[in-house]
Amino acid sequence: MITKNEINNFIEKIPPVPEKLKKTLSLLNSGELTHAAKVAESDLALKSYLRDIVNKPIYGFKNEVSAISQIFGILGVSLSQQTVYNYMITLLNPDKWFLFKLDSKTFFELQVQLSKKWETILKHLNINDKDINGAITLLPSSIIIAEALFCQKIDEVTLLKNTKSLDYNTILTRLCGIGLFDICEQIAKKWNMDEVVPQIIQSASGLKPSEDENINKLGKWMHLLLFYELSQPQFLKAQLNDFVDFQIEYVNDIYSEFASLMEIK
Amino acid sequence: MKPVLKNGIAILSPQGFIDGNNVAALLSIDDVEAILNLKTDMVLVSLKKVIFFNKNGLDSFINLFKKIQKKNNATVGFCDYDTNKYKAIKKFFEDEIYFSLFKTQEIAHLFSSSYKDQNKTILIYSNDNSQRSAIAIELHNNGHNPIVAQSKEEYEKKHSDYEHTIDSTFLGQMGQKIAMRVTGNAIIYTISDFLDVEINENFNMEYHNNSLNVGFRLFIFDAYKVIAMNVHALNFFSKLSSSAAEYNASICFTGMSFIKTPKEFKETLEDSGILFYNELDDILLDKKLLEELGASSAANIKNKRVLNKKNVAELPRFIDAAVSTIEMMTNAKAVKESAEIHNLEIKDKADKIASSIGYYGDIDGMIILVFPRGIAKKACELLIGENTDDSELILDTLAELVNIVGGNIKTLLSNENVSVNITLPRTYKDIDSLLEVVDGRKGVQVNLSFDDNKFLFFLTR
Chain L
1075 MITKNEINNF IEKIPPVPEK LKKTLSLLNS GELTHAAKVA ESDLALKSYL RDIVNKPIYG
1135 FKNEVSAISQ IFGILGVSLS QQTVYNYMIT LLNPDKWFLF KLDSKTFFEL QVQLSKKWET
1195 ILKHLNINDK DINGAITLLP SSIIIAEALF CQKIDEVTLL KNTKSLDYNT ILTRLCGIGL
1255 FDICEQIAKK WNMDEVVPQI IQSASGLKPS EDENINKLGK WMHLLLFYEL SQPQFLKAQL
1315 NDFVDFQIEY VNDIYSEFAS LMEIK
Chain A
3 MKPVLKNGIA ILSPQGFIDG NNVAALLSID DVEAILNLKT DMVLVSLKKV IFFNKNGLDS
63 FINLFKKIQK KNNATVGFCD YDTNKYKAIK KFFEDEIYFS LFKTQEIAHL FSSSYKDQNK
123 TILIYSNDNS QRSAIAIELH NNGHNPIVAQ SKEEYEKKHS DYEHTIDSTF LGQMGQKIAM
183 RVTGNAIIYT ISDFLDVEIN ENFNMEYHNN SLNVGFRLFI FDAYKVIAMN VHALNFFSKL
243 SSSAAEYNAS ICFTGMSFIK TPKEFKETLE DSGILFYNEL DDILLDKKLL EELGASSAAN
303 IKNKRVLNKK NVAELPRFID AAVSTIEMMT NAKAVKESAE IHNLEIKDKA DKIASSIGYY
363 GDIDGMIILV FPRGIAKKAC ELLIGENTDD SELILDTLAE LVNIVGGNIK TLLSNENVSV
423 NITLPRTYKD IDSLLEVVDG RKGVQVNLSF DDNKFLFFLT R
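As they're listed, the protein sequences go chains L and A. Okay, so the first sequence: first residue is 1075 according to the numbering used here, each after it adds one. Okay, so the second sequence: first residue is 3 according to the numbering used here, each after it adds one.
In short, the hints are calculated from the structure, not lab data. Take every hint as true, because none was put in to throw you off.
Using 20 Å as the maximum straight-line C-alpha spacing, the simulated EDC-like pairs for lysine to aspartate or glutamate come out as follows:
id, chain 1, residue 1, chain 2, residue 2
1, L, 1087, L, 1259
2, L, 1238, A, 33
3, L, 1235, A, 402
Some chain L residues judged to face chain A by a derived CB distance under 8 Å, without partners named:
id, residue
4, 1077
5, 1233
6, 1239
7, 1249
8, 1304
9, 1333
All C-beta atoms, glycine included, are put in the ideal place defined by N, C-alpha and C.
So that you can see chain L by itself, here it is in the shape it has in the complex (with noise of 0.2 Å):
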């Protein structure tokens, strides 16, 4: 159905980092928030993405935000790194989804929503790292990943999920020994992207905790902060609750005092 070969030709497709894109985050990283904005403004799709995303109710800005300088001033180093990191992954969208009952509009929902939340969460542990802030942005590639190795064969795939209740890792794994997530890996490493996000994302897949406490706890919270936003009813709609396994147990130690973050009642 999916051999390795189609894999590595989904990895080899993988477009490099474009050079504006390069500087922005390198002077990001380097805190130049002023010049980044200059070399981020000649990019047209990048300035509009920036503008859309900043201007969503979800930041609470009452007047429209339009020069990049002031978004990239308002958002911080992290928060804007974070926000390039997410456009970047915006690139790997197909033209059209097939598999999942996607449109960017709902992607560029879910990505807002993970970033957003992820925020709040390490406000509340008390962590200020930007890559960590940024590890968020890498894990709904994994969705895209599904959509682009299965889209060709969703009869198939479909017959099998109502056989067995079968998500696309494990049937991408006992295929072809190689996952979503370990696809993810890849692309934060053909990305440049800090060696410890691939870390948390593997660590979210819930399936290969890490050996590092510190990781580990960032994957747990990843990993419940995916399905409590993959369980909002346009994410449902897009059936995405079931593309990857909830590993319920690997979370339950921080599951109260994720809902009382959240305000679940």
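Put chain A on the given structure of chain L with help from the hints.
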């Protein structure tokens, strides 16, 4: 959300959080329709991967349960929960619980018709006395030996001594219908209460006839729970037995009591060819008897029907469905080598296993797949999740695989506005037992190769 059928139980497995806001998205109108049309005797919602739910969230499932019970009279409820979830559900619905709560799917399975008469000794505990009795009676009726712990302490003390234990379980209204299951190659129907003219409506005759056509030769009516039958039911079974005789098939009754049914009825039924046994195990545990009754044989087919144009016209779709499924499972590419019309020919019978599935509706026929054991093993690995040499597990999984092929065919045909249903799959541990079924039947034989392994597809009627 679509259910997965396992051991005759349809299981819905939501993940994450369930509340009043998202449950409508979780259970669409189409999903509800599909679930209502399932022919199963148990529909359960697994809470294994649900970390949070509230009453509003569960209400939609409760409404679904009501619809299922009204339409199918199936057992409905929740399963796979911990003590906190169990307490929460009981608190939410208090005295209005007519659905069932099974702590695990395995416990639910003990109450299902596909796990009857296994004679398992099961330790049970419930702090509700009436539930304790209800569980014990239901298990006893299902052919098990329930042992009731009188206190929680006793239950915990004895817990490790038993293979099966039941606690945190609540039996609501249990379904009562003619359940059907396959044990080996015998089809077992479970009948209960009073058998009257309604048996004509409740019994799926089309399915039964197609099971005969696919090669099933032993049909057992487990009548342990039958109180009495009237003359309408008597006529029904007499006719059923006469028609089975034309296929050289056996019909047996087990556990039937004639206390409230006239004794002459038994003679009439025996005259029509029906055999009576005290217990199901009298048949199932006696391999020689099983063979005599035809559970492993299927010679003397009533009518060797010819393959018609309708079937041949759909042949490419049948092959596509089979090939794409096996390709998906083995991750190997298939190459078609030849396609010819003749009797089934298998040159090298060694180390091969087979499976068949029938379809009926706008067109009818039977598909047979013959696998080298190695390919079958590989194809089943995706479903099992590991490499295994357990022959029974491979045969069981092969049946699931053929079920997928059948489902695939059904979908492909429905795209062409051809409506068919599929029978339960049958497996054959060797080629000789397959040939007994298809001996003398002409069909289209397509030889395929998967990475140099020969695989055979045969379409017949």
